[in-house]
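K.L.:
As a plain string of letters, each chain reads:
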Amino acid sequence: MAVGKLVNRVDAVAKVTGRAEYTDDFYRPDMLVAKYFRSSIAHGRVKEINVEKARKLPGVEAIFTYEQVPRIKFATAGHPFSMDPDHKDVADRLLLTRNIRFMGDEIAIVVAEDEIVANKALKLIEVSYEEYKPLIHPDDILKQGAREIHQGSSNIVGEHRYECGGKVDDALKGADYVIKGEYVTPMVQHCHIENHISFAYMDDLDRIVIVSSTQIPHIARRIVGEALDIPLSRVRVIKPFMGGGFGNKQDVVLEPMVAFLTLKLDGRAVQINLSREECMTGTRTRHPFHVQVKTGFLKDGTMVARKMDVLSVTGGYASHGHSVAAAGGSKSSFLYPRMAIEYHARTIYANIPVAGAMRAYGSPQVIYALECATEDAARFIGMDPIEFRLKNIVRQGDVAQVTGKEILSCGLSQCLLKGKELIHWDRKKKEYEKYKTGPVRRGLGVACFSYASGTYPVCVEVAGVRLVLNQDGTVHVQVGATEIGQGSDTVVAQMVAETLGFPFENVRVVQAQDTDVSPFDTGAYASRQAYVVSNAVFRAATSLREKILDYACLMTGEKHGKFDIVEENIVSADSGKFVLTMKELAVDSFYHKERGGQLTSEVSHKTTTNAPVFGCTFVDVLVDIPLCKVKINKIVNVHDSGVILNPVQAGGQVHGGVSMGIGAALSEELLIDPETGYIFNNNLLDYKVPTFIDLPEINHEFVETFEPTSGYGNKSLGEPPVITPPPAIRNAVLDATGVSINTLPMSPHKLFALFKKNGLMDPKGKADV
Amino acid sequence: MFDLKKNIKAETVDKAIKHLAENPDAKLIAGGTDVLIKLRQGKSEYCELVDIHDIDELKFIRIDDDKSIVIGSGMVFSKIIESDIIKKHIPMLCEAAESLGGPQVRNMATIGGNICNGVTSADSASSLFTLNAILILKGEDGTREIPISDFYLGPGRVDLKKCEVLTAFKITHDNYQGYFGHYYKYAMRDAMDIATIGCAVCLKTKNGILKDYRIAYGVAGPVPMRCRETEKTVINKKVSKDLLDEIAKTVEKDVNPRTSWRASREFRINIIKELSKRATKKALKRAGEKF
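Top line first, the protein sequences correspond to chains A and B.
Using my numbering, the first residue of the first sequence is number 1, and each one after it goes up by one.
Using my numbering, the first residue of the second sequence is number 1, and each one after it goes up by one.
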């Protein structure tokens, strides 16, 4: 039994001993490096570019500008191919561009023998621009007659509206109270440890090999084919170990370019290794959202209607475009399913860095607005925020409004009750009543969320797995599920061991992915990996188990059903008595001259379900008014993610997500100059990711339900932990100070302005410490 | 990869001075935590370096016969934190050292580099200002000593002459004996950050009276600074809560922070006032004052 057990990560030793090989560890003796020449303006057009001086610099191998790239517009979002023509990603990007859409847009690329030469060459490139006023604020972008950032787009990438659970306007009329709020979330960045890096070379006259730090090897292969107009089978993508992605590598950022360069340079290897500064503004960010919420509710705390209006800003190119606002709207809709909901969203272009996928894909923005609004409603009628939520939240057996499907597992009420107990809600609530005035105040906050376990029915959900019994009686697993640090290889090994009955150590997952040999899977995103792979693994492992048992019958002449697998042995099903070892069986299957053959099993499985997941954050804060700082005394995340496959890894996911959520709540924001579109803080000193000592002790707990649509009862967990810390902290600061902070992050600068506005900063400076 | 043209390793201070004389474009590098960042940014004026990081004669902390504490400029911050002399006699300098960067930076960055870099946010600067630290510099013509307050010429500019090496800091007995201090760093994060405001207070009391009071700030002006008017106003006054409020009020007139995208002037002034109270209160507590 391996599922649910405390096993070590399969790659733990390789990583901590430094033996794990990442993209930058692969050395090719003739490898060149390439560096982008980026725009120094946010909006405009290149009038003229002169690369002659740069080309003459010794060590420069080649320079390409927008004039030399294929005139093929392609979409970069790492989505599965869509057979529905209305559901295709927006193809709005060329490999290099003459039209400048954000500061840092890619105009040319220098290929040189090393980074120093490349950087020198960049300085020798001469460019002149025709400049336009950067369109940064939504009002300017949507103004009649505003310049179209992409011709013919009206600056709108996508728009949709849904209404369910009844007519919202009627329900609002029937409400005792209706409150309104506006909530804004900023542009933040993933800050994965390993920056974007790819290299490509050709190992034959027409075959391109790309080694890349990507969450989506199979999708990257397709998009490279599209961008360069070459057949997909001529492209091979290899994904070695990865230092994180958080959605930023669910996008093809470098792969088409390195493929293009090696094609142009006779197959010589070319690497692009972005600097942190480039990575923070030249890859992807999280979409800033402006959300308006109207909530209708009754005197007894029953919510009857909610109307949401979302404006999502995608920056200079569509990338994931409107999908983010769409997913945020649908995945949050499971949370309060017994009221009328209207959700309208629009995604617009802007002359700011490009937004794409980022951990929880639109839900952190939507849930922040929704859980601030829910808190405001509870406070409006003076009801305890937990009571208010318990009255309205989803329960097992509810029907999801957007999909019309019954919710088969839901432990959200238990999550709320568990969290309430862990934070000592009732006791502290009383205790903190005396901390609502003076310079140091205390408060409690809560927020809950719903999310999904994949992308179905919007996208296909397909997972592939191949199992091979080795000659020594162990099993090798090839899986399309993409390990990017989240631990999917480990849980796949656990699932295989569980169903086969093998010891966990005897299951080896092949780590590197290679699109030439790895089974097809669309990659690591949407917290889908463990959920969608579960049924594929279950089927493949069940089938291999049958084959092994059948072979044991063949070897021994016994009838079917006589044997069982226990650890490394075939035993009698009835008595448990030893029959033969797995190694003996395997050797026989490989080398007996007449019978057998290699025992394998391969399954490609499409998942046509999508289990909702739930959870909540509880937080206890101290607010130092004169210093404008929020200190978190305690934070607790409680999750219903179905069966927990590996408690240590699951805990790690929660801790990482909560840390990221605390950063989003209190300090993280890419600061943009509203006049020029310049990003002030594209480095890890000025972009404030919390450090180890900025974080409080993070507590987590799981309410384990069993999800029947999953191979092992598990549901998603990767992204969800990041969702609720920001609204919970906002609600706690409101509880402590009486001030609603409806824009993120709640940085000291923002607190200073709002505390001043609300008269909390003592004008005489008398506030004592 | 750094675009380094020359990197000359100096074994002694005299040799470093000689290398500087022979390579007029060369800059000194010690721990490299500032210089290498500039080099990475492609600043070509840092492509010739004289490396003084491994010069043993710059690595010491001692008490001289006249009881002055002398700190070699090559002392890295993690060694300053561990020094028994500093812990015992000027613990506020340990606080300043602890607040700087993260462990890796503190293992490399030197106190001499922190000052010679010339920035207003240097964490060790405000404490050294309140200690009336004297800088010992060695050049082609010998050794000279100047008070730290004269060393800063402007943002990023210090009075380090051509071919000169800062060798040590001297804190005389009368500037630490009987004094109690505290360094309060306010930054957006609790580690790996630059001070939004740094505030150092160093004081002496007798019978509930503030006998001496020194307060210095980083980031309250273009260079680290003492608040002389405030100091004059409060010396010889009785220790009380009202005195803290008075300090906060007066200090505003001494400082001149600027608005940048990192923080507004108004925000910085609010923090400057608040820190004056918090740092003073902590120093008074250490002095055994109850109020």
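FYI, nobody ran anything at the bench for these hints, they're computed from the structure.
It is possible that some hints are incorrect.
To be verified - Once the Cα atoms are required to be at most 27 Å apart in a straight line, the calculated DSS-like pairs of lysine-lysine come out as:
{"#": "1", "chain 1": "B", "residue 1": "K5", "chain 2": "A", "residue 2": "K123"}
{"#": "2", "chain 1": "A", "residue 1": "K56", "chain 2": "B", "residue 2": "K6"}
{"#": "3", "chain 1": "A", "residue 1": "K123", "chain 2": "A", "residue 2": "K429"}
{"#": "4", "chain 1": "B", "residue 1": "K161", "chain 2": "B", "residue 2": "K138"}
{"#": "5", "chain 1": "B", "residue 1": "K249", "chain 2": "A", "residue 2": "K629"}
{"#": "6", "chain 1": "B", "residue 1": "K241", "chain 2": "A", "residue 2": "K756"}
{"#": "7", "chain 1": "B", "residue 1": "K9", "chain 2": "A", "residue 2": "K434"}
Said to hold, decoys possible - Here are the computed distance ranges between Cβ atoms for each label pair:
{"#": "8", "chain 1": "B", "residue 1": "E98", "chain 2": "A", "residue 2": "K123", "range": "34 to 44 Å"}
{"#": "9", "chain 1": "A", "residue 1": "T437", "chain 2": "B", "residue 2": "E57", "range": "50 to 60 Å"}
{"#": "10", "chain 1": "B", "residue 1": "E57", "chain 2": "A", "residue 2": "R45", "range": "54 to 64 Å"}
{"#": "11", "chain 1": "B", "residue 1": "G288", "chain 2": "A", "residue 2": "E431", "range": "44 to 54 Å"}
{"#": "12", "chain 1": "B", "residue 1": "G42", "chain 2": "A", "residue 2": "K757", "range": "22 to 32 Å"}
{"#": "13", "chain 1": "A", "residue 1": "V16", "chain 2": "B", "residue 2": "T12", "range": "33 to 43 Å"}
Cβ coordinates follow ideal geometry from the N, Cα and C atoms, glycine included.
K.L.:
All hints, please: hold or fail.
P.N.:
Hint check results:
no.	hint	in the structure
1	B:K5 x A:K123	holds, 18 Å
2	A:K56 x B:K6	holds, 25 Å
3	A:K123 x A:K429	violated, 60 Å
4	B:K161 x B:K138	holds, 9 Å
5	B:K249 x A:K629	holds, 22 Å
6	B:K241 x A:K756	holds, 23 Å
7	B:K9 x A:K434	violated, 62 Å
8	B:E98 x A:K123: 34 to 44 Å	holds, 40 Å
9	A:T437 x B:E57: 50 to 60 Å	holds, 58 Å
10	B:E57 x A:R45: 54 to 64 Å	holds, 60 Å
11	B:G288 x A:E431: 44 to 54 Å	violated, 32 Å
12	B:G42 x A:K757: 22 to 32 Å	violated, 43 Å
13	A:V16 x B:T12: 33 to 43 Å	holds, 41 Å
This entry does not satisfy hints 3, 7, 11 and 12, going by the numbered hints stated previously.
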